[in-house]
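2 protein chains.
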Amino acid sequence: MERIDGGVTAAQGFQAACAAAGIKYEKRVDMAMLYSTVPCICAGTFTTNIVKAAPVVWDQKIVKEVGSAQAVVVNAGIANACTGSEGMKCCEETARAAAEELSISADTVLVASTGVIGMGLPMEKIKAGIRMMKPLLCDTIEAGTAASKAIMTTDTHNKEIAVSFTVGGKTVTLGGMCKGSGMIHPNMCTMLGFLTTDLAIDRELLQEALSEDIKDTFNMVTVDGDTSTNDTVLLLANGLAGNPKITEKNQDYYEFVKALRTVDEFLAKSMAADGEGATKLFEVNVIHAQDKAQAVTLAKSVASSSLVKTMVYGNDANCGRIFCAMGYSGEQFDPKKVDLYIESKEKGKLKLAENGMVLKFSEELAKEILSAKEVTAIADVKAGDACATAWGCDLTHGYIDINADYRS
Amino acid sequence: MERIDGGVTAAQGFQAACAAAGIKYEKRVDMAMLYSTVPCICAGTFTTNIVKAAPVVWDQKIVKEVGSAQAVVVNAGIANACTGSEGMKCCEETARAAAEELSISADTVLVASTGVIGMGLPMEKIKAGIRMMKPLLCDTIEAGTAASKAIMTTDTHNKEIAVSFTVGGKTVTLGGMCKGSGMIHPNMCTMLGFLTTDLAIDRELLQEALSEDIKDTFNMVTVDGDTSTNDTVLLLANGLAGNPKITEKNQDYYEFVKALRTVDEFLAKSMAADGEGATKLFEVNVIHAQDKAQAVTLAKSVASSSLVKTMVYGNDANCGRIFCAMGYSGEQFDPKKVDLYIESKEKGKLKLAENGMVLKFSEELAKEILSAKEVTAIADVKAGDACATAWGCDLTHGYIDINADYRS
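In order, the protein sequences belong to chains A and B.
The first sequence begins at 0 in numbering that gives the first Met the number 0 and counts up one residue at a time.
The second sequence begins at 0 in numbering that gives the first Met the number 0 and counts up one residue at a time.
For the record, the hints were derived by calculation from the structure and aren't laboratory data.
Hints are not guaranteed to be accurate.
Since the list gives no way to pick one copy over another, a pair counts as held whenever it fits inside one copy or between any two copies.
Computed list of lysine-lysine pairs in BS3-like fashion (alpha-carbon distance at most 25 Å, straight line) [unchecked claim]:
#1 Lys-60 - Lys-336
#2 Lys-350 - Lys-126
#3 Lys-214 - Lys-124
#4 Lys-88 - Lys-23
#5 Lys-88 - Lys-336
#6 Lys-366 - Lys-257
#7 Lys-359 - Lys-124
All chains should be modelled from the sequences, with the hints used to inform the complete structure.
So this is what it looks like as structure tokens:
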């Protein structure tokens with residue numbers, strides 16, 4: 000497997016376009032469209048929030064009942080959530096408008112929205128945007144990159160990646176893009192993520208690979224503990240690579256799973272590092288846990304703690320807060336066994352606590368480690384062989400600024 | 000029942016003193032001692048955090064195994080948590096030093112600490128503090144107030160209250176003080192709270208009244224979602240009011256329960272309003288819920304949401320965030336039935352959403368309501384008769400400032 004340039008248009012047969020439709024933002028692109036020249040099978044994972052945005056309901060139905068798709072229409076600025084039956088009508092109208100332009104069936108058009116909750120979509124602008132994008136559809140790397148920029152809200156940069164790998168002598172490509180910066184605490188799924196591949200694979204296996212992978216990638220990200228109403232990851236596979244179709248969990252399947260992990264982990268970490276107001280990526284490794292569930296809960300509890308996140312912002316190794324966040328996670332463990340470390344690539348690793356007791360460590364070195372752009376905290380629970388990694392960011396003045404004045 | 004002046008020294012036989020022991024802060028009082036001229040029965044509730052500070056372990060043992068106490072020694076600045084067996088030794092030495100000064104048994108001395116986790120207590124300073132405080136013990140209102148100031152950490156003001164009520168023709172007094180501003184998200188219990196009464200009552204009933212009451216008071220407060228290692232509420236009753244001893248759940252018992260609710264609710268709300276960096280009290284009422292558990296979970300989820308809290312700070316009625324926080328709470332409910340309101344005493348009530356859909360409301364009035372010092376959000380779930388109230392505060396630049404630089 001190797002990393003290659005591009006994102007959602009890297010795989011064969013996938014095109015993208017974007018437009019400045021003036022939905023909520025002025026003078027910036029705010030709509031994107033993805034299109035595959037041939038029908039794709041599709042897999043999806045969606046928010047577990049009881050309050051689901053209309054596009055989530057629309058896509059869930061297509062993924063479950065239709066199982067194939069050929070286009071995705073995305074808008075940034077308005078989430079189309081808490082909009083009742085009007086919101087569902089907007090999804091249908093959007094799909095119909097795209098279907099008409101693309102000469103495909105409306106039930107193969109997926110839709111996604113992100114932005115303010117509770118506002119209605121301006122349908123005339125959406126439809127005009129679709130008409131604008133149709134003739135711009137293009138399979139270049141640049142077209143994919145432009146689409147990844149169009150779906151941003153409070154993100155400070157776009158997030159995309161592509162990899163290629165070999166299946167049955169054929170080169171297969173997998174690319175993806177995502178957006179997400181605030182209201183990020185995925186549970187079963189996440190923000191908006193779009194993955195495209197030219198792999199030939201059974202639909203059930205595609206869904207299983209995605210569902211399993213997000214548990215260790217997107218679901219391990221937290222920015223602010225708020226699980227969105229719109230979280231969606233869609234994975235489209237059009238089979239154009241010409242590989243022998245994957246129909247069982249053979250070596251080819253695991254080759255794909257490895258590529259999927261690379262892509263999703265990259266996108267998940269990018270999202271955490273670009274959390275609203277964040278100045279750094281904060282990774283939490285829990286090692287030697289009793290089982291996976293314990294490792295996951297402990298890692299997410301530390302990465303989610305407001306006090307830990309402000310401590311990371313302040314470069315202050317106040318590691319009692321890490322113990323505290325592990326302790327209230329709901330998991331049973333022996334705090335008297337826990338060792339804590341912090342680590343950065345540039346400055347190495349420093350032990351802060353041993354067997355539950357805070358050590359006398361070099362405050363200077365601790366501050367240097369915490370000042371890096373990527374900081375890791377490691378908790379050794381000494382209870383077994385399981386481990387988990389969660390990704391978050393620091394809690395800063397920027398987060399307050401962005402969210403105290405979001406709609407204005 | 001009537002509200003009277005004072006706090007922990009309001010009830011007969013209770014004395015307090017404080018001292019500037021120089022434990023961590025300079026030039027301020029940082030230790031307090033409570034003393035009852037006669038032995039008390041005692042009840043307590045403690046943190047559910049697996050990582051329990053040494054004083055919590057010490058007090059739990061006394062409340063459970065001894066059941067009576069005559070003094071409490073409290074220090075601010077260092078939490079005595081994650082300090083291993085050394086920490087337990089500090090509790091014992093503190094209790095012994097106080098016991099010697101007061102000529103009582105060491106196993107009737109409760110201890111409590113609050114402050115930085117992981118640092119050891121400077122025992123010579125603690126013992127010197129106890130020696131300083133002994134001759135200052137006094138039953139005046141001022142002595143109680145001074146004690147309530149001595150236990151503050153990042154609190155911006157002290158928190159105390161007292162009420163009197165009548166039991167069997169005798170006037171009974173109940174007073175209390177608490178501290179708490181950050182790392183506040185009590186679960187089964189809370190921060191540090193000390194309640195004193197001259198009521199005569201069975202110990203089991205005293206504990207039951209306290210355990211029940213905190214569910215609706217201290218446990219409904221959240222500042223930052225971080226459940227502390229040190230949360231402790233202690234309730235001492237010395238019987239000096241001379242009322243016929245309460246031994247069953249009769250009218251007298253419920254009179255006491257009512258007084259306890261008044262005191263605890265006042266202290267709980269004071270804590271939320273004085274949350275680290277807070278500019279206002281944020282109350283969340285969930286009404287017409289299916290059952291109490293549902294109402295509690297929904298109310299706490301809204302009060303805990305970083306996005307709702309920043310919205311309250313920014314006076315921005317972005318009520319989709321309230322729906323979102325209810326939706327990811329883990330409770331099942333029908334979002335299509337939910338009505339949302341905001342309310343302040345000065346500006347009245349405004350409906351923001353009906354049957355799950357955001358309405359067109361007056362943004363100007365919404366801003367005026369949210370600008371009040373005490374703001375309430377009301378969610379009508381229309382599923383039954385249960386209700387719950389949670390108290391929180393806004394998330395502000397002040398919170399970041401305080402916590403990015405706590406130890407320095």
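message = I want to check one pair: Lys-214 and Lys-124. Are their C-alpha atoms no more than 25 Å apart within a copy, between two copies, both, or neither?
response = Neither, since 36 Å and 51 Å both go past 25 Å.
ask   = Should Lys-60 paired with Lys-336 be assigned to within, between, both, or neither, using CA atoms and 25 Å as the limit?
value = between (48 Å within a copy, 22 Å between copies)
ask   = For the identical chains here, do Lys-88 and Lys-336 meet the 25 Å Cα criterion within one copy, between copies, both, or neither?
value = Cα proximity of Lys-88 and Lys-336: across copies only (19 Å, versus 56 Å in one copy).
ask   = How would you classify Lys-350 and Lys-126 at a CA-CA limit of 25 Å: within, between, both, or neither?
value = neither (57 Å within a copy, 32 Å between copies)
query = Under a CA distance limit of 25 Å, which applies to Lys-88 and Lys-23: within one copy, between copies, both, or neither?
reply = Within one copy only: 19 Å inside, 62 Å across.
query = When no copy is named, should Lys-366 and Lys-257 be tagged within, between, both, or neither for a Cα gap of at most 25 Å?
reply = Neither way: Lys-366 and Lys-257 sit 36 Å apart in one copy and 50 Å across, limit 25 Å.
key: Same-copy or cross-copy closeness of Lys-359 to Lys-124 [CA-CA at most 25 Å]   = between (61 Å within a copy, 21 Å between copies)
The structure does not agree with the numbered hints 2, 3 and 6 stated previously, though it agrees with the rest.
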